[in-house]
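All chains, full assembly: derive it from the sequences and hints.
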Amino acid sequence: MSFIIYIFHLSPVAQEETVKFQGEDFHISLRSLNVEVTFRNISAPRSQASDEPLMRGGKAVSERAQLNSGLTHLIIESVREADEGLYTIKDPEDPDYVNKINLIVRDCSNEESVKYGDNYHIPLLDVSPPITLEYRPISVEANLTSKPALVLMTAAKTTRDGYQDRIIVSEKDITLRGVTGADEGSYAVREAKGGITWKMCLNVRGERHHHFLELPLGKRMKINLILSSSLVQLHYTRSSDPAPRTPHLLLDKGNFTSVHLDFEGRISLEGNVFILDKIKPSDAGEFKVTDILGFTVTIVHLELKPFKLEKLYVAIIALLAFVVFLLLACLVSCLFKVRKRAKKNAALEKLGLEVSSKEVGGGNLETSDSGVGFNTALPLDTDTDAADALPDSEAASITAPAEPKPSPLLLLLLRRRLSPRLSEKNYSHCITGCTTPLSPFTFSVSVVFTLQDI
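The working numbering applies: residue 134 is where the sequence shown begins, and numbers increase by one.
Derived DSS-like pairs: lysine-lysine, alpha-carbon spacing no greater than 25 Å straight-line:
no.	residue 1	residue 2
1	248	421
2	411	438
3	421	386
4	441	411
5	444	411
Pair by pair, the computed Cβ-Cβ distance ranges are:
no.	residue 1	residue 2	range
6	303	408	35 to 43 Å
7	336	195	33 to 41 Å
8	315	231	37 to 45 Å
9	206	303	42 to 50 Å
10	376	396	18 to 26 Å
11	160	370	46 to 54 Å
12	376	450	39 to 47 Å
13	351	380	23 to 31 Å
14	205	252	49 to 57 Å
15	315	281	12 to 20 Å
16	410	451	30 to 38 Å
Source of the hints: derived by calculation from the structure; they are not laboratory data.
Beta carbons are placed, not taken as given, at the ideal position from N, Cα and C, and that holds for glycine.
This is the structure:
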């Protein structure tokens, strides 16, 4: 049994871990008023690390600590980073009793988001120089300040390697130029006395450089890499690939890869700008730029616009279509009128032929297709067949054929046709008062042409 007790005394004392937000109160439970409470700041250098008494002899001996009204707890009000560390409670009456509490303060109450590549400003309000700038990266618990901070700038204004040209100090603020994803974390300004007067947290947002491009077919796409092309990688994910889509590495530290995605001869670099010429529908997708640590710098989503004519071209085509429609309508109307007139003329010509065939005598006259009458009673006078001369007695007995008279129907048609041009008196004189008789041939021809005019 004594051996087991001896091992128990040699075993390390377990530590309790408590997390408080900056500004909260920290309560330490007291076994009795006889206990002693000490504090060690873990963020202080080891050479300066020592146990600071908070309570002794039943009384609070530090300005930061006070007993509650029930005398059951020791209270640290409004904790800050300076209160972060190890609290040890011991009982002088019981040497075996040791209670250790590790207090962690979440301090990033003042948080700022900055775009990738922009400048980050840390204000210096009521700060007495010389000052020291400390940094805890997010990769080592930026919000949990339990680990020692990195000194970026000493009181002598000596900067850490890699920050020589990036940290600029003025009377109003400290500027960190060209932030990247590796700069995410907490920044603290410490005065010469050792106290932290100002603390801020930085979040670098590469997604703030999030662009959606919609370009027409055949245009050029440009992507600003923000950083030097030798410090970034460009990944491309095609939208047409089946899910899950696999990103392809196009650019690796300034050099194009040998990936075959139909980009040959169309991709190039101009400084820190990536260029893709003559974009195609198959180029649609996501272009993601990351730095050498894998932090996202910028993301570009490429989409193609549907083919669309310019408004001027649309207006010209619409006007031409309207003119063609009017011309076509005029052509159809003209064809209809010409066809109607042709039918009317054919009907009138047929009527004229019928009238002329009835008025001309049918004994010795024959009517041709044109309505002209021919006298077939006389024989043809040819060299081989000459007609015999008639005796004078027979010639005297032959009388001239009766002069043909126009029919009432023909007179009515002529009157309707000529009524707008001639008065009724002149028209009657022209029809009945002519002294020259009309031969059958002349009369037939007159009827035909008159009917055609109608």
